[in-house]
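Student: As given, the protein sequences belong to chains A and B, one line each in that order.
The first sequence maps to residues 1 to 239 in the working numbering.
The second sequence maps to residues 1 to 311 in the working numbering.
No lab work stands behind these hints, which were simulated from the structure alone.
Among the hints, a few may not be true.
As the list claims (entries may be wrong) - Facing chain B, a subset of chain A residues (Cβ under 10 Å, in silico):
| # | residue |
| --- | --- |
| 1 | Lys10 |
| 2 | Ser14 |
| 3 | Val91 |
Said to hold, decoys possible - Here are the in silico distance ranges between beta carbons for each label pair:
| # | chain 1 | residue 1 | chain 2 | residue 2 | range |
| --- | --- | --- | --- | --- | --- |
| 4 | B | Ser134 | A | Ser79 | 19 to 27 Å |
| 5 | B | Gly105 | A | Phe227 | 28 to 36 Å |
| 6 | A | Ser79 | B | His14 | 40 to 48 Å |
| 7 | B | Thr132 | A | Val31 | 34 to 42 Å |
| 8 | B | His14 | A | Lys213 | 34 to 42 Å |
| 9 | B | Asn87 | A | Val23 | 28 to 36 Å |
C-beta atoms are modelled at their ideal positions from N, C-alpha and C, and glycine is treated no differently.
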Amino acid sequence: MRNALTIAGKELRSYVASPLAYVVALLLLGVSGYVFTILILASPRAQTEHLGGVIGFMVSMMLLLVPLLTMGLLSQEKSSGTIELLMTRPVRDWEIVMGKYLGALGLVLPIFIITLQFPLIIELGGDLDWGMVLANYIGLVLAVMAFLAVGLFASSLTSNQIVAAVLGFSFLVLFWFIGIASYAVTARLGDVFKHLSILENLLDFSKGIIDTKSIVYFVTLIAYALFATVRSLENRRAT
Amino acid sequence: MIQAEGLTKYYGPHLAIVDVSFEVATGEIVAFLGPNAAGKTTTMRILTGYLPATSGTAQVAGFDVAEQSLETRRSIGYMPEGPALYNDMRVRQYLRYCGRLNGMGRAELAERLEYVTDRCGLNGQVDSIIATLSSGYRQRVSLAQALLHNPPVLILDEPTIGLDPNQIIEVRDLIKSLGGDHTVLLSTHILPEAQMTCERVMIINNGQIVAVDRPEVLTAQIRQAETLMVRVQNDNETIPRLLQDISQITAVRPGEQARSYYIDTEVGSDLRAPIAEFIVGHGWGLLALRPVEMSLEDVFRELTTEEKGVG
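Please work from the sequences and hints to get the whole structure.
Tutor: Take a look at the structure:
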């Protein structure tokens, strides 16, 4: 685990040194702040529902932004040849993957802490249901953690950053919209598609419900994507 | 310290190395010499645990590279081809990162970092961003990285590529000084380099080791004849014919310079005195007479173009 933290620290430092991280933070905070302000100004009284709207908006923005943050994590190591250094040091493959994952998470989570200003503003000027806030944020964090894991997996598949970003975005869009298929198939099969959908699993959180089923869904998706990334690295050794 | 037995590697249907077996003793400096795409990097990648062999086994520092990968990797300092550097990091940052990945403690790391930057001539560059360094310095940073955790085994893939002549000499001297304390396996396609830095040379071609020995022995074994170079003052056409009549001289060829000749004589013979006497006796004016050493370059060409095995 020490190695994973070393790698995470290095990733975080190179994020902070690159303009990409600031552009992403600025976009996320700027646009969600703008949406929040409009919602508040347009209604006579600030309410918890406004927060749900902004968080839903943030999740959809992250769907686009996360692949940009994760695209270089492994693909760049491959294209620059540093993967050879990393994989010949006494570091286990899963430590590399965890390190990369935690590094990206370490960048994104603090950005969300800044967005806690939205519920605080509502609390000041209206009535706020902190239970709703908690459920919304749990949904947001779980979804973004899943996005990062999927994006990291995409980055492990190629040595081209752009390809990694497009792949990551495609995987996420697939998981986002897969629930729609439920309208076209039998009820039983439709349920399967709904359970697989990121969007469907987020709905409960936005209503203030913390459902174990959805938590299990996200944790499984994260674990599976990270596991697939480790296998993808191992596969490089095996070819 | 390094043992490879029957290493074979396929990339899909493409055969990269075939049945590569060799040993490197503790403290020895050995060069892998071969043209590009001969299988040098592939063999090194197998030893360092980056790639698995299709078949065959290898031990480094007593650990099996496939079964005890982490232990093997801990005992190896590896300088990959085309230095594996993070361009956005500073030299010190990069070396610290590598040190931590090698499991080094804070105090040990600080001490070794000072030592390797000094040893590799990086003192003035520790705070530079790697992207801004010249290729010579990049190469040194990569070498410093390999030395950092004081590993018993060093595997250096083309350590002097991209360096200017002065830097090449510095790096060669550095590598030479590492022998004894470290076991060094380096690869190169530059022949004098192997000759100058290494105690033993393994010549690899088309994925197969074609010769292994000390550089002098290799040149001696492949030598078909002793060759002398003579240069005379008063040239005339009869010289080659007259010389050829001396017993034990097998051939007389024109030399590279004007009025000079290469004289091939039988292996083990030394005809310097009789030839000198002969030339002086004919009044041709002897200007120069010296034995021509076969360089490793000739051996190499011989072995890799005609695929002729030695010993």
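Student: It remains to establish, for every hint, whether it holds in the given structure.
Tutor: Tested hints:
Proximity of lysine 10(A) to chain B holds as hinted, the smallest CB-CB distance being about 5 Å (cut-off 10 Å). The restraint placing serine 14(A) at the interface with chain B holds, with a minimum CB-CB distance near 5 Å, inside the 10 Å limit. About 6 Å separates the beta-carbon of valine 91(A) from the nearest beta-carbon of chain B, less than 10 Å, and the hint is met. Between serine 134(B) and serine 79(A) the beta carbon distance is about 22 Å. The supplied range of 19 to 27 Å therefore holds.
Roughly 32 Å separates the CB atoms of glycine 105(B) and phenylalanine 227(A), a value that falls within the hinted 28 to 36 Å. Hint check: serine 79(A) to histidine 14(B), Cβ distance near 22 Å, so the stated range 40 to 48 Å is violated. As the Cβ distance of threonine 132(B) to valine 31(A) is approximately 36 Å, the hint placing it in 34 to 42 Å holds. A hinted range of 34 to 42 Å is violated for the C-beta pair histidine 14(B) and lysine 213(A), which are about 49 Å apart.
In this structure, asparagine 87(B) and valine 23(A) break the distance hint of 28 to 36 Å, their C-beta atoms being roughly 20 Å apart.
In terms of the numbered hints stated before, the structure departs from hints 6, 8, 9, listed from lowest to highest.
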